[in-house]
Structure formats: structure tokens, C-alpha cells
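Protein chains: 2
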Amino acid sequence: AIVDAVEAALLDGPLKGKHVLVTSGPTHEPIDPVRYIANRSSGAQGTAIARSLAALGANVTFVTGPADVPPPLGVKVVKVQTASEMKEAVDAALPADAAVFAAAVADWRVANASGSKMKKDGSGNAPALEFTENPDILAGVSQMKKDRPKLVVGFAAETDDVQANATAKRKRKGCDWIVANDVSPETGIMGGSENAVTIISDEGAESWPRLTKDQVAAKIAAKIAGALA
Amino acid sequence: AIVDAVEAALLDGPLKGKHVLVTSGPTHEPIDPVRYIANRSSGAQGTAIARSLAALGANVTFVTGPADVPPPLGVKVVKVQTASEMKEAVDAALPADAAVFAAAVADWRVANASGSKMKKDGSGNAPALEFTENPDILAGVSQMKKDRPKLVVGFAAETDDVQANATAKRKRKGCDWIVANDVSPETGIMGGSENAVTIISDEGAESWPRLTKDQVAAKIAAKIAGALA
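Chains Z and D, in that order, give the protein sequences.
By my numbering, the letter at position 202 of the first sequence is numbered 202, and the numbering carries on one by one without gaps.
By my numbering, the letter at position 193 of the second sequence is numbered 193, and the numbering carries on one by one without gaps.
Rather than coming from a laboratory, the hints here were simulated on the basis of the structure.
All figures in this text were calculated on a predicted structure; none of them were measured in a lab.
One should not assume that every hint holds.
Since the list gives no way to pick out one identical chain from another, each pair is judged satisfied if it fits inside one copy or across any two copies.
[As the list claims (entries may be wrong)] Calculated cross-link-like contacts (lysine-lysine; reagent style DSS-like; alpha-carbon spacing at most 30 Å):
id	residue 1	residue 2
1	Lys-117	Lys-79
2	Lys-169	Lys-117
3	Lys-120	Lys-150
4	Lys-119	Lys-16
5	Lys-120	Lys-16
6	Lys-145	Lys-120
7	Lys-117	Lys-87
8	Lys-146	Lys-120
9	Lys-150	Lys-171
10	Lys-120	Lys-169
11	Lys-119	Lys-145
12	Lys-150	Lys-119
13	Lys-145	Lys-223
14	Lys-87	Lys-150
15	Lys-145	Lys-79
16	Lys-150	Lys-76
17	Lys-117	Lys-16
18	Lys-79	Lys-120
19	Lys-146	Lys-76
20	Lys-120	Lys-171
21	Lys-117	Lys-146
22	Lys-119	Lys-76
Build the full structure now, drawing on both the sequences and the hints.
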């Protein structure tokens, strides 16, 4: 009965009837069967955002790379490893009323990934790895001609000139908002429980104080509910 | 009182008074502040071996990369990220009566790792990564002229010609035993709870049936106790 009451309350939230897509976590790009390239993303912020959106009544599709934290309850979870798999899962999940791209997607993958474990050949030289650019999922969805989500939110994890880089990224990608944060190791944000973000939109930059990732998630979810209302 | 009794029992085990060094887990080699190269090692087998050795009374130093499983209780834990850090920790932990190198150490690191997040430059080309060979920890300890551990055990995670590759690796490195296993994705061994190993020594190859990693660990620890007796 408690579950039913909670569920009813959720269904009555401001995002009732809205489909929101959230991506989260890192991607892993294989080099060979035992090695891969990864990003230092725990998935904590994306997971918290998905949970907050579901708590406001949204129908959430959660596309996640191999994250450290478990996915939230009450959302549709789609697990992927690579950027290419994430793009496929995003395409399959559309259309959506809003899309939040919190995943730390690898910009590049190894073009000549090996089906067998690469060996040292005694020369002291490493095997040459060739890289190729991954599909730009955020730009692709932001620039859809047809059925583009009403609201597209990107993330910018920067280590230098955070606001300038994030503002340029918003223009380049064509998304509505960029949630920018400073992931320099000394901030402790990547992998930590807190976040200090600046939201860049066509109205300018809005900086929030350092909050827990759950608090940041609740504020972002509320702002999304306002934008879709 | 129970703890004391257990401790007394442990101290009376066949490895009482022996110092055994165990390395475990993957290493992470940074590309820039948010990206790194990793190995698909959970640390499960190395952790189980350290636990089994401690249970036989050994004084265990456990040098571990960023593993998925927590380190065992009752051992001295040294946490590292990179192969270079692991080599330093191993050197600091010696001398030892036996050394078990179960870690999946990266063969290469990025020579030109960046202090700032690398950016796409719009050319579609990835930044050039230059690789350099990491120190060979197993070979270094196996070939020590002075104070070499009486028993040096290496691991070979192979995907092809497992026994031939492992036998060649034992000769090349100069270690006493190689614990070889097939980590092809279809075996489910890497990241899984079971292992099927072949022990290569100067007496030839000894293949064990597929067992849990805990069972493999118990057998390896018992074999080590026999060799040091």
C-alpha cells in the first residue's frame, strides 16, 4: 500500500507523462580482449539525476556505461560499454521530451583494436594504436531536424577555463543547456559525492554553490520540470 | 577470545614466519586527468591468494591496483594506481620469502600524458599518444642477483596458445612458476568467479580443473607452503 501510494504520488509529479532520456557513466573502448581506455566517471551524478527525474513522475530511460554506482530503481536501464553502443541505445530510446547527456563518452576509440591480446615484441616499442573519433551523441541529438527533444542538456567536464569552454561547447553542439563542472583532480569532484556546477543556457551562466550530487540532481530535475511545463 | 584463538591458529600455520608479497588487480595508466588505460582485472584471484596465504600463517604484503573487490583482512595493504607505482611498492616490500605477481600490470604507459583534458581540435584526428614500456616487475624480481625471493610466481593471462605462451614467458622472465589461464572473453574467467589454470614449473605443466577462484587460491597457497617448507 505504501508502494502504491508512493507510485501514485510519483505519477502525479510535474513530469508525469514525460519521457526523459538520461545517459550516465563512462564508456570503455577496447584495445584488445584485456585492455581498454576508460574515463574517470563514477556515474554518480547521472544516476542521481535519473532518480530525481523519476521522483518527479518522469518516465526515464537510463542508458549507462560501466559505472561504479548501481542504476536507480524505477527507471528503464539500458547497459552499454562503448560510445558506439551508447549512440545506438540513445537512438533506440528516442523520441523523448528531454534528453540529459551526463555520460562521460570517450571522444576516441581504437580503430585497430585487436581480437587477441597484444604482446610485447621485444623491441621496446609499443604496438601502434590508431584512434578514430567516436560519434558525437550530444551534437547529433541537439541538431536533429525532426522530433528533436524539446530540451537537450549536455555536460562539460573541464579542467581549464571551465565557463568559457562550456559556453563554446554549448554553441558548437547546439544543445539548450550545458552543465559545466571543474573536474581537476584537486576539486575531488570526479568520483566524489559533491559537485559545483554552472548551468549555461541562452540566458547566460548560472552558478550554483558546491552541493552534494543528490542536491545538484534535484535542482536540475526541478529546472527540467520547469522548462517542460 | 575467538579472534585470539584464530590468530594463534594462523600463526601456527605452515607459513608462520614467512613473508610473502602478493600483487593484484589492474593498473591504470593516465592519458590525461579524466582518461586512462586499464586492464580487465577484477583483482579477485590475487585477493583470494593473499587471503589463503594469510590463512596459512604467512605475513602478507598485498600491493594492489584499483581492483573491483576489497582487499583481504589480515594483510598489509599497499594501494597503487600505475605500473611504476607498483614497482616502487614491490621494491619497498622486499625482501620476501616468496613473491606472487598476480596483478595485470599494463605493459605500456602513455609517455606524453597531459596535465589538462585533451580536446578534439575539429580536425577529426585524435591527439597522438606516444607509448613507452613499463618496468617489467616480474622479470626484475626473478632476475635479482641478491636477496631474490626463494620462490617467484608469475601469472600469464593469455588468449591464444596458452600453454606455449606461458612456458615461453616463464623462461623469458626467469620466474619459478607461471600460473597460466585463458582469459578469452568466452571463458568468462576475467571478472568471473571461476578459474582454470595450468601451473608451469621446471617440472613441466600441471593443469587443474575449472575451480572457483577461492579453490584455486587455496591450492596455490598450499603449493607455496610446500615449496617453502
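Hint compliance check: list the failing hint numbers for this structure, sorted ascending. Violated hints (numbers, rising): 4, 5, 17, 21, 22; every other hint is consistent with the structure.
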